[in-house]
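In order, the protein sequence lines correspond to chains A and B.
Take our numbering: the final residue in the first sequence is number 325, and no numbers are missing along the way.
Take our numbering: the final residue in the second sequence is number 467, and no numbers are missing along the way.
Check the hints yourself; a few may be wrong.
Stated by the list, open to error - Cβ-to-Cβ under 10 Å is the rule here; a few derived chain A residues that face chain B:
{"#": "1", "residue": "ALA68"}
{"#": "2", "residue": "GLU82"}
{"#": "3", "residue": "CYS97"}
Claimed, not checked - Residues on chain B that point at chain A, a partial pick, calculated with CB under 8 Å:
{"#": "4", "residue": "ALA306"}
{"#": "5", "residue": "GLU350"}
{"#": "6", "residue": "MET443"}
As the list claims (entries may be wrong) - Straight-line alpha carbon distances no greater than 30 Å define the calculated BS3-like cross-link-like pairs of lysine-lysine that follow:
{"#": "7", "chain 1": "A", "residue 1": "LYS324", "chain 2": "A", "residue 2": "LYS238"}
{"#": "8", "chain 1": "B", "residue 1": "LYS390", "chain 2": "B", "residue 2": "LYS420"}
{"#": "9", "chain 1": "B", "residue 1": "LYS326", "chain 2": "B", "residue 2": "LYS390"}
{"#": "10", "chain 1": "A", "residue 1": "LYS160", "chain 2": "B", "residue 2": "LYS464"}
{"#": "11", "chain 1": "A", "residue 1": "LYS109", "chain 2": "A", "residue 2": "LYS238"}
{"#": "12", "chain 1": "B", "residue 1": "LYS326", "chain 2": "A", "residue 2": "LYS109"}
Calculated from the structure, these hints are not laboratory results.
Just so you know, even glycine gets a beta-carbon here, dropped at the ideal spot from N, CA and C.
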Amino acid sequence: MTNTLSKLEAADFINRSFKPLPRSYGDALVEAARNDSRIVCLTADLSPPTETDLFRDTFPDRFLNVGIAEANMIGIAGGMARSGEIPFTHSFCAFSTKRCFDQITMQVAYPKLPVKIVGFLPGVATILGVSHQAIEDIAIMRTVPHMMVLEPSGPEYHAAAVKLALEHEGPVYLRLKRPEKPPEAPIEAQTLETGRGVLRREGGDVTIVAAGLEVPEALTAANQLFDEGIDASVVDMASIKPLDSELVLERAQATGAIVTAENHSIIGGLGSAVAEVLADAGVGLPFRRLGVQDTFCEGGSTAYLMEKFGLDSFSIAQAAREVVLRKG
Amino acid sequence: MTEPWKAKRNLEDLERIATRLRLHVVNMVASTGQGYVQQGLGAADIFAALYFAEATLDPANPTWPDRDRIFLTTAHNTAILYATLGERGFFDTSLLSTYVTDGSPLEINASERVGPCVEATCGSLGQGFSVAVGCALAAKRQGRHSRFYSILGDGEMQEGQIWEAAMLAGAMGLDNLCTIVDYNFLQSDGPMDKVMSLAPLEAKMESFGFEVQDVDGNDLGALLDAFGHARATKGKPSFIKANTLVGKGVSSLEGLMFHQLRFPGEVADSAKAELERKLAS
């Protein structure tokens, strides 16, 4: 894991460093496949960037590269699931959802088949630009009946997400982000539960509900706020659907102010889901949604884009101060 | 090897079955006053040949894992589909009278509400073929000898996903896959070549790696021969261009190019009378 890549070899859409990256998802999928012979793996010409090269090399008979044809991949996965298999399909988030949404609804979700749709490059986090950025995927996938939507906050939760995806009998959308550089310490696998948020930090002044890439940003913001005398809770809402309504309402009661933070449009994603829970329960409180503010983005480094589109810890801390002030 | 699930038929039997299916189609569409009567009549021979002779099915056990699977990917051509499923014993034919009434599982576009005999919900055109390819791949992996039939519409082949699936099926040499295009030349906006021509279709499918046959889709003997040739073809998928005549079997309707036909009572009555005469003879 610590060696440096020095020879001339294929570059990776995600790994822009000269060090190999851990493949926490790819390892977890191979491990799951060892224990369950029904698991098969499909990709649309993106094996290394979706960490499925490991599966390809370990179980070549259970691996299919369909070529660059995502709609066909989803239909084929539907056929395989109808034949008793558990297909995991792989591409980038944008192509895994938007490009084949009709196929997902009709060939996977309506018949409630165990197809697990795995996307990488969530939200703005890619240098590849607007064509490869999925800022609408959670919104559309959340509307699909039977669909579970998971966005773990880091590689330490990837194995847990694979486990939850397999526990769910129907279709799942798994929105994953590979780390951009090798971790400094070994990854310690963490657990997740379906429909349960993880209270990553407990404080009584404000709650930040975040998912994916925004969770570490929220934790950084919470540390800044603490130095200023604001004690924030941070909820890691990896299970976006089903959502942990109970925890949202409990934290609303306990802290009286909520900020949501997501690497996605503010329309239809995690922030909307939390707002729906609050409104349905008749809870009014100071509330802010952080995310992409109904605009298209552009390619760039993740740190640059997070700052530009108001997704970084600075923006989260600012929003938290504001809602705390509004509490009066 | 005996195939107890297969309904072996001679051609004369099949002709009578096809006529019975046509009579159901007329009755079902007559009750709503408009619908896909022309396509149903045109495709009746394909359905009779496939469901009553070629495919290995067990209506008493519709989820039998080793069954052959038939995907009607033009899922709106349902009068003929439901007539066939009912006559083949997947449900009681009395259900046919509920066609397109509120609450009935027999909707215009076939969905799995009908039961597992509808192998996929295909109303959104171009999708069922990919599902058939997925099933065919899984069967190969699992060592099953089932065959996978898709009935495509000719207009449906304008969908890009059809060609994605065809490309993969050809590249993988899926010889358990047999695709029939119901070449009736009729799509929503008019004759297919006026909307967007598929020509040269046979050359296109050959170049995608398919064994291609061009047959009269209203000739039961020719259809059975084509299915037999497809079954005997190893190492590549089969494509049968079945040229059908819309309205086939009812003299007042044959060749009338209406995608959705208003079906006045008196026309329906004369059609019924003609088909009943044929059955009585």
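Hint-by-hint comparison with the structure:
The interface hint given for ALA68(A) holds, since its Cβ lies 5 Å from the closest Cβ of chain B, which is under the 10 Å cut-off. Evaluation of the GLU82(A) hint against chain B yields a held restraint, the C-beta minimum of about 6 Å falling below 10 Å. Interface hint at CYS97(A): satisfied, since its Cβ lies 9 Å from the closest Cβ of chain B, which is below the 10 Å cut-off. At its closest, the beta carbon of ALA306(B) sits 7 Å from a beta carbon of chain A; the interface hint therefore holds under the 8 Å criterion.
Look at GLU350(B): its Cβ gets to within about 4 Å of chain A, closer than 8 Å, so that hint holds up. The criterion of a C-beta within 8 Å of any C-beta in chain A is not met by MET443(B), whose closest approach is roughly 28 Å, and the hint is violated. Only pairs whose Cα atoms come within 30 Å are accepted, and LYS324(A) paired with LYS238(A) is accepted, the gap being roughly 29 Å. For the hint pairing LYS390(B) with LYS420(B), the CA-to-CA distance comes to about 20 Å; that is within 30 Å, so the pair holds.
The hinted pair formed by LYS326(B) and LYS390(B) meets the criterion: a straight-line CA distance of about 25 Å does not exceed 30 Å. Between LYS160(A) and LYS464(B) the alpha-carbon distance is near 61 Å, which puts this suggested pair outside the 30 Å criterion. Using a Cα cut-off of 30 Å, the hinted pair LYS109(A) and LYS238(A) holds, with the two alpha carbons roughly 15 Å apart. Only pairs whose Cα atoms come within 30 Å are accepted, and LYS326(B) paired with LYS109(A) is accepted, the gap being roughly 24 Å.
Hint compliance for this structure: hints 6, 10 are broken, all remaining hints hold.
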